[in-house]
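K.L.:
Single-letter residue listing:
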Amino acid sequence: MIGLEDITYSYRTGEYKALDHISLTFRRGEWVSIIGHNGSGKSTLVKILMGILDDYEGSITVDGELLDEENRITMRKKFAIVFQNPDNQFVGATVEDDVAFGLENNGVPRDEMVRRTEEALKAVNMLEFRDHEPSRLSGGQKQRVAIASALAMAPDVLILDEATSMIDPEGRREVLDILRTIHRRGKTTLIFITHDLSEIEDSDHAVIMKDGQIISEGTVEEIYKDTDALLASRLVLPFHMKISKRLLDGSFLSYDELVERL
Amino acid sequence: MRITFKNLTSIYHQNTPFEHLALNDINTTFEEGVYYGIIGHTGSGKSTMIQTLNGLLLPSRGEVHAGDILLRRKSKQKDIHRVKKHVGMVFQFPEHQLFEETVLKDVMFGPKNMGMDETVAQEKAEYYLDLLNIDASLFQSSPFDLSGGQMRKVAIAGILAMEPEVLILDEPTAGLDPKSHIETMALFKRIHQEMGITVILVTHDMNDVYEYTEYVKILSGGHLVREGRTTDLLTDEKLLERFALEPPDIVKLTHDLENKGIIFDSVPRNVEQFTELYEEWRAGNA
Ligand SMILES: Nc1ncnc2c1ncn2[C@@H]1O[C@H](COP(=O)(O)OP(=O)(O)OP(=O)(O)O)[C@@H](O)[C@H]1O
Ligand SMILES: Nc1ncnc2c1ncn2[C@@H]1O[C@H](COP(=O)(O)OP(=O)(O)OP(=O)(O)O)[C@@H](O)[C@H]1O
Ligand SMILES: [Mg+2]
Ligand SMILES: [Mg+2]
Numbered sequence: 001m002i003g004l005e006d007i008t009y010s011y012r013t014g015e016y017k018a019l020d021h022i023s024l025t026f027r028r029g030e031w032v033s034i035i036g037h038n039g040s041g042k043s044t045l046v047k048i049l050m051g052i053l054d055d056y057e058g059s060i061t062v063d064g065e066l067l068d069e070e071n072r073i074t075m076r077k078k079f080a081i082v083f084q085n086p087d088n089q090f091v092g093a094t095v096e097d098d099v100a101f102g103l104e105n106n107g108v109p110r111d112e113m114v115r116r117t118e119e120a121l122k123a124v125n126m127l128e129f130r131d132h133e134p135s136r137l138s139g140g141q142k143q144r145v146a147i148a149s150a151l152a153m154a155p156d157v158l159i160l161d162e163a164t165s166m167i168d169p170e171g172r173r174e175v176l177d178i179l180r181t182i183h184r185r186g187k188t189t190l191i192f193i194t195h196d197l198s199e200i201e202d203s204d205h206a207v208i209m210k211d212g213q214i215i216s217e218g219t220v221e222e223i224y225k226d227t228d229a230l231l232a233s234r235l236v237l238p239f240h241m242k243i244s245k246r247l248l249d250g251s252f253l254s255y256d257e258l259v260e261r262l
Numbered sequence: 001m002r003i004t005f006k007n008l009t010s011i012y013h014q015n016t017p018f019e020h021l022a023l024n025d026i027n028t029t030f031e032e033g034v035y036y037g038i039i040g041h042t043g044s045g046k047s048t049m050i051q052t053l054n055g056l057l058l059p060s061r062g063e064v065h066a067g068d069i070l071l072r073r074k075s076k077q078k079d080i081h082r083v084k085k086h087v088g089m090v091f092q093f094p095e096h097q098l099f100e101e102t103v104l105k106d107v108m109f110g111p112k113n114m115g116m117d118e119t120v121a122q123e124k125a126e127y128y129l130d131l132l133n134i135d136a137s138l139f140q141s142s143p144f145d146l147s148g149g150q151m152r153k154v155a156i157a158g159i160l161a162m163e164p165e166v167l168i169l170d171e172p173t174a175g176l177d178p179k180s181h182i183e184t185m186a187l188f189k190r191i192h193q194e195m196g197i198t199v200i201l202v203t204h205d206m207n208d209v210y211e212y213t214e215y216v217k218i219l220s221g222g223h224l225v226r227e228g229r230t231t232d233l234l235t236d237e238k239l240l241e242r243f244a245l246e247p248p249d250i251v252k253l254t255h256d257l258e259n260k261g262i263i264f265d266s267v268p269r270n271v272e273q274f275t276e277l278y279e280e281w282r283a284g285n286a
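Respectively, the protein sequence lines represent chains A and B. So for the first sequence, the working numbering puts the first residue at 1; every next one is plus one. So for the second sequence, the working numbering puts the first residue at 1; every next one is plus one.
Please note that a few of the clues may not be correct.
List of simulated lysine-lysine pairs, PhoX-like, C-alpha gap at most 20 Å [claimed, not checked]:
hint, chain 1, residue 1, chain 2, residue 2
1, B, K74, B, K6
2, B, K179, A, K225
3, B, K74, A, K245
4, A, K77, A, K47
5, A, K242, A, K225
6, B, K112, B, K85
7, A, K225, A, K210
8, B, K74, B, K105
9, B, K105, B, K78
10, B, K238, B, K252
11, A, K242, B, K252
12, B, K74, B, K84
13, B, K189, B, K179
14, B, K84, B, K112
15, A, K210, B, K179
16, A, K245, B, K252
17, B, K6, B, K76
18, A, K242, B, K179
Some, not all, of what chain A presents toward chain B, calculated at C-beta under 10 Å [claimed, not checked]:
hint, residue
19, K17
20, T44
21, M50
22, F90
23, R136
24, V236
25, L237
26, S251
It is worth saying that the hints were derived from the structure and are not from the lab. Where a beta carbon is used, it is the ideal one built from N, C-alpha and C, also for glycine.
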C-alpha cells in the first residue's frame, strides 16, 4: 500500500503549487485512474511517487515504511513508470537492450532476462524491431517499446502516464487487455493517467484533479455522475455515455448495453 | 499552394545495414484549400510522408512539387527554406520543435522568421497563445518547464503564428485534455475556413478524421493504398478492417443499429446529427 499524506509541491519555492495538499491511498492490486485538465498536476504527482521530485511537503509511506533520503533508491525498485514522452526514458542502443536494461540493473539472471525481454516485446508487437534504435522508431512504436520496458520489470507498482496517446486504437485495446490481465492477477498496483475517459472503465478507483487538488474521487460510475467536477476539470464523457445522456436517461452503461437499449 | 508527390520513395539510412524503406513510390496531390486526413497503422509512414511535404526530409527517389518549387534528393537549402515558409508543421513530439528560452520567444520565432518585425511578431504570438488557452503567466517560462499538454499547445501556437498556407498537424491532440481537444480542432477548422488554407491532419483519432476532413489518404506499410472522400472511405467498414483501422464511433454505432433494424436515411457526421436522426426515427416508429 502507498499512502500520500498532505503533499504540497512547487517547482519554484514560494510560487504556484503544482500539488496542493494531496492525500491519496493506493491499495495493493488496485487499479487507480487519474484524470484532469492539462497542467492539473498528474505528472507531478507520479514524479513525486517515483522519487524523481523530492523537496515536497507532506509524507509518503510505501508498505508501511516512510519514504526518505535513505530508502529512496531501494523503494524505487518497486515502481516502473512509462513517461508521457517515451524519448525521455530510452537508455539502450537497441530496442532489446532498452527493455533488458532495467532487468539487468535489478540483477535478474541472464536466461530469465532474455525470456522476459522477449515476452514483453511480443506483448506489444515489437519483437521484429528488437535490433532497431529506439530513437529511430515511429511515435507509436516508441510508446510500445516504453511500455514493454515497464512490463518486463514486473513491478509492484506500474505507472502509465498517458502511455498510449500516440498508439493506434487497436494497439490501445491490446495494452488495456494486458493491464486487465495484470489486474486480475491482483499483485500489481496500477496507476493510470489518461485523457480518454473510456479507458478508465476497468479501474477500481478514479481521481479527478484540478489545479493541483483532488476535486473528486470514487468509482467510475460515481465519477461519471459528478458532472460538476468533470466540467470544472475540462473532461468529457466517453462517446457511448454522451449518447446515453442525450437519448436515454444517462445511466451508467457499456457500449453494448447502449446498442441494446436504443 | 498545391503539393504533388511524383514517384516519391523515402528510405532511412540508405546503403547501410539499417536501411529501411518507409515510403514506396507514392504519387498523390494535395490541392490548395482542402482539409486532408492521412491515416494508417503505427509505422505505416505517415510522419515520414508529411516530413517530406515540408522539406524536413528529402526524397530518396522521386520529386515533391510544392507550388513552383521542386524538391529532390539533392535539393539546395535555399529551396527547402522557401517551402518551409509556406508549409508549417506541428511535430508529433512537441519537444522536437520547441527550443527557445521562453514560451513567448518560442512562438515569436516563426513570425520573425517570416519577416515580421518584433512588435508584430509579439502581437501574433500573444494572440495565438491566448487562442490556445495558454495563460500569460506562463509566457516567460521555459517551454520545457511545462506540462505535456501545455507544451503541445505552445508548439501549435508557434506554427499558427507563422500563418502558413499549408498547415500540417501530426497527432495535434495527443495529450490534450478533452475540452482542449475539442477547442483546438474547432480552431483548426475555423482557420481553414476563414483563411482558406490547406490542412493536413495525421491522427489515430478516426472521430476527428471523420468529423473534420474532406479527403483521406490511407497508408499501409509505406504504400498509399487508397485515397478518396472521407465520407466514402470511413463508412466502409470492410475497407477499414483490411488496413487494421477502426471505424469512427458514430459510424460503428449507426451500423450496429442497422443490424437491429434502425435505419437512417444518411450516415450522421457527429453526435448532434446522430441525435437528430435517431429522434426522427423514434418519432416515426413510435
Ligand atoms: N519542470 C517544470 N518546471 C516548472 N513548472 C512545471 C514543470 N513541469 C510542470 N510544471 C507546471 O506544474 C503544473 C502541473 O504540471 P503537470 O505536468 O503535473 O500537469 P499534468 O496534469 O500532467 O498535465 P498534462 O495533462 O498537460 O500532462 C503546470 O502548471 C505546469 O506548468
Ligand atoms: N529516423 C528513423 N530512422 C530509421 N527508421 C525510421 C525513422 N523514423 C521512422 N522510421 C521507420 O519508418 C517507418 C515509418 O515511420 P513513421 O514515423 O513515418 O510512421 P507513422 O505512420 O508516423 O507511425 P505512428 O503512427 O506510430 O507515428 C517505421 O517502421 C519506423 O520504424
Ligand atoms: Mg502530464
Ligand atoms: Mg508518426
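K.L.:
If you check each hint against the structure, which ones fail?
P.N.:
3, 8, 9, 19, 21, 22, 26
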